[in-house]
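Protein chains in written order, with full-length UniProt numbering: chain A, 1 to 433; chain B, 1 to 323.
There could be a bad hint or two in this list.
Unchecked claim - Covered stretches of chain A, as calculated for chain B (at least 3 residues, CB under 8 Å):
#1 194 to 207
#2 319 to 329
Stated by the list, open to error - Facing chain A, according to a computed beta carbon distance under 7 Å, are these residues of chain B, among others:
#3 L87
#4 G131
#5 H133
#6 G196
For the record, the hints were derived by calculation from the structure and aren't laboratory data. C-beta atoms are modelled at their ideal positions from N, C-alpha and C, and glycine is treated no differently.
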Amino acid sequence: MSRYLLKKARILGGEATDIYLEDGRIFAIGSDLAVADAIAPEVEVIDATGLIALPGLVDLHTHLREPGREDAETVDTGTQAAALGGFTAVHAMANTDPVADTAGVVEQVWRLGREAGHCDVFPVGAVTVGLKGEQLAELGAMADSAARVRVFSDDGKCVADPVLMRRALEYVKAFDGVVAQHAQEPRLTEDAQMNEGELSGRLGLRGWPAVAEEAIIARDCLLAAHVGSRLHVCHLSTAGSVEIVRWAKSKGWNVTAEACPHHLLLTDELAATYDPIYKVNPPLRTAADVEAVRAGLADGTIDIVATDHAPHPHEDKDCEWQAAAFGMLGLETALSIVQATMVDTGALTWADVAERMSYAPARIGRLEDHGRPLAEGEPANVVLYDPAVTRTVEASEMASLSRNTPYAGMELPGRVVATFLRGRPTVLDGKLA
Amino acid sequence: MKKHLLSAGDLTRDDAELVLATAAEMRALADRPIKKLPALRGRTVVNMFFEDSTRTRMSFEAAAKRLSADVINFAAKGSSLSKGESLKDTALTLEAMGADAVVVRHWASGAPHNLANAGWSTSSVVNAGDGTHEHPTQALLDAFTMTRHLGDLDGRRIAIVGDVLHSRVARSNALLLQTLGAEVTLVAPPTLFPLGVETWGVQTSYDLDAVLPKADAVMMLRVQRERMNASYFPSVREYSRRYGLDARRMGALQDHTIVMHPGPMIRGMEITADVADSERSVIVEQVTNGVAVRMAVLYLLLGGSEPAVSTSSTNEGDEENNA
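Model the full assembly from the supplied sequences, consistent with the hints where possible.
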């Protein structure tokens with residue numbers, strides 16, 4: 001049994017204190033905790049001076065690619081990346097091959113996560129059979145399975161049919177589920193390549209207009225209110241989307257929303273390189289959108305940061321923009337980007353970061369043992385993070401099987417020093433334990 | 001000159017004028033009995049065409065051959081989804097064969113940028129049309145043709161009419177003609193303007209009849225019939241009525257105004273046969289000038305610093321001097 005004493009950690013950036021982990025729980029918190037001589041040899045002491053202690057991060061939006069695209073990522077490598085990024089739980093999106101639209105597939109993914117052991121994997125179930133948007137998948141069977149699915153999404157595809165979306169929102173009420181919508185009006189985005197704006201016109205790349213996202217979000221908010229269900233908006237990316245969600249929340253409707261790290265930092269200007277490393281869905285937007293998304297995350301309109309970690313093999317990015325796959329890696333850089341864009345700018349405190357990256361995503365996913373405060377008796381899911389260092393991102397050093405990070409060569413603040421999952425280290429000294 | 005020609009926007013006014021002046025020398029060659037120069041002897045030019053194009057490929061091929069370059073033609077049909085050999089592997093293959101310049105036509109906007117910047121190739125890259133992005137040598141040949149009829153383009157009014165949204169010719173011309181001091185007006189139905197066109201520095205109009213009387217040159221763009229099915233306009237007939245150049249509209253032009261088209265034309269759609277075949281039409285001349293302009297581009301990109309066409313008869317045939 002592992003016992004860890006974390007000396008002088010700053011919980012949520014507060015005063016330095018000691019945290020003692022035993023038996024998968026936070027056993028004690030206090031200054032100058034002493035260990036009884038009898039068990040001293042079994043206790044590993046970690047000097048956490050200067051490090052911030054956060055609750056284990058929870059990602060509501062991860063692509064682990066297994067089953068089907070094990071050349072891009074596996075549950076094992078993806079969860080290694082997650083642990084290195086400070087995550088103790090990830091929600092694995094359903095767009096695998098086969099699609100996670102049955103109890104069998106979600107249980108397989110859930111079990112692969114348990115066997116890998118780097119972080120807990122909570123499969124997301126598909127809303128519709130094969131993500132085809134035609135017929136509801138067996139949501140109840142996935143909810144009742146060993147994987148206990150609560151988040152349902154056709155991510156990558158939008159549940160565009162309003163009747164089907166209404167039914168899904170209604171149906172998941174039976175087991176307190178939530179529909180996480182990838183908001184993209186399909187007809188407005190046929191063959192869309194990048195944000196539609198001044199630059200797409202110049203570059204001759206077909207535009208992905210903001211209205212295609214905003215129209216679906218507005219519709220879904222109204223539907224969720226109408227049927228009294230829970231809606232979660234995936235990776236919103238435009239100023240208009242932030243306004244619509246803010247409006248829906250002002251009505252008291254049960255709507256939550258997420259933003260991705262890349263939408264907090266990068267803009268559509270990067271498309272001018274024609275380097276598909278910057279090709280992502282929804283696309284990188286304008287600087288004004290980035291400002292609005294940051295403001296929305298700061299004031300709580302946007303509840304959480306989710307990575308949309310989307311690994312792709314080299315050949316799917318080392319090609320023409322139009323031929324390239326959408327998506328970028330996110331797990332191993334998320335916390336640093338949130339620090340750079342939100343904490344170092346004064347928009348969020350570390351306590352807010354815990355809310356946006358741990359408590360709130362766990363609440364939305366209805367996870368019981370994640371997203372808990374760092375307090376005595378709570379599960380020992382803890383991250384130690386050094387906000388004072390800077391690092392240069394090296395794609396080749398990532399644990400992910402894929403290398404499609406848009407941050408390669410960029411200097412980012414902060415580094416995850418250690419991650420504990422139920423008291424057991426998954427990462428120590430910045431390396432997999 | 002830079003190493004690559006990817007966008008008409010990369011050309012300074014000096015660059016563009018150098019190309020046009022060099023093209024004029026090359027054009028004079030067309031009137032000689034022997035139309036060939038030794039300037040690029042021993043150099044290899046690869047025409048890499050990932051999209052059907054008869055006239056542009058032939059034009060580049062003629063240009064390279066008249067400069068005595070070795071020419072390799074590579075044509076791969078195929079859309080974005082039917083992946084054959086990738087652009088990268090094709091580039092690596094041709095690189096291994098020792099290409100000095102790669103002329104690339106591709107269905108994907110930005111493919112020439114990838115070729116020039118992704119580390120796949122060390123050759124000079126000439127964009128011969130990429131997706132709905134740019135077609136800089138077309139703009140150069142259009143400017144060249146205009147200067148032959150209108151002289152200096154400073155202050156000249158050029159109307160470009162048609163499917164601006166999907167036209168690489170319009171994008172490159174808008175950039176280059178402004179660099180050369182011309183006033184460009186783009187004319188199209190609102191559905192066929194890209195978002196943000198107001199930032200291009202050009203005038204825009206939905207009304208062809210209002211623009212024609214002031215224009216010194218009118219360039220008609222091809223409108224693909226398949227756009228009709230996507231509701232960009234209600235019907236071919238309505239498009240022709242509002243944006244087609246017919247004899248009645250031609251009557252509104254000034255006497256010196258020329259009519260241009262990058263080809264291939266759809267007669268009866270954007271331009272009527274009587275206009276296309278009229279004395280104002282320089283459409284066939286554009287093709288001839290295309291060869292001269294592409295000779296100039298290849299010559300300048302591959303390091304030509306001395307005059308390409310020797311003026312002294314003693315130097316004639318002295319290949320080393322011009323290589």
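task = Could you check if H133(B) really has its C-beta closer than 7 Å to a C-beta on chain A?
result = Where the cut-off is 7 Å and the nearest Cβ of chain A is about 3 Å from H133(B), the hint holds.
message = Hint validation: L87(B) versus chain A, beta carbon distance must be below 7 Å. Holds or violated?
response = Hint holds; L87(B) Cβ to chain A Cβ min 6 Å, cut 7 Å.
query = Does the nearest C-beta of chain A fall within a distance shorter than 7 Å of the C-beta of G131(B)?
reply = holds, 5 Å
Annotated coverage of the stretch 319 to 329 of chain A by chain B, confirmed only when three residues or more have a Cβ within 8 Å = With 5 residues closer than 8 Å to chain B, the stretch 319 to 329 of chain A meets the three-residue bar; holds.
query = Does the CB of G196(B) sit less than 7 Å away from some CB of chain A?
reply = At 3 Å from the nearest chain A Cβ, G196(B) passes the 7 Å test, so the hint holds.
ask   = Counting residues of the stretch 194 to 207 of chain A that have a beta-carbon nearer than 8 Å to any beta-carbon of chain B, does the count reach 3?
value = holds (count 12)
Comparing the model with each numbered hint stated earlier shows that all of them hold.
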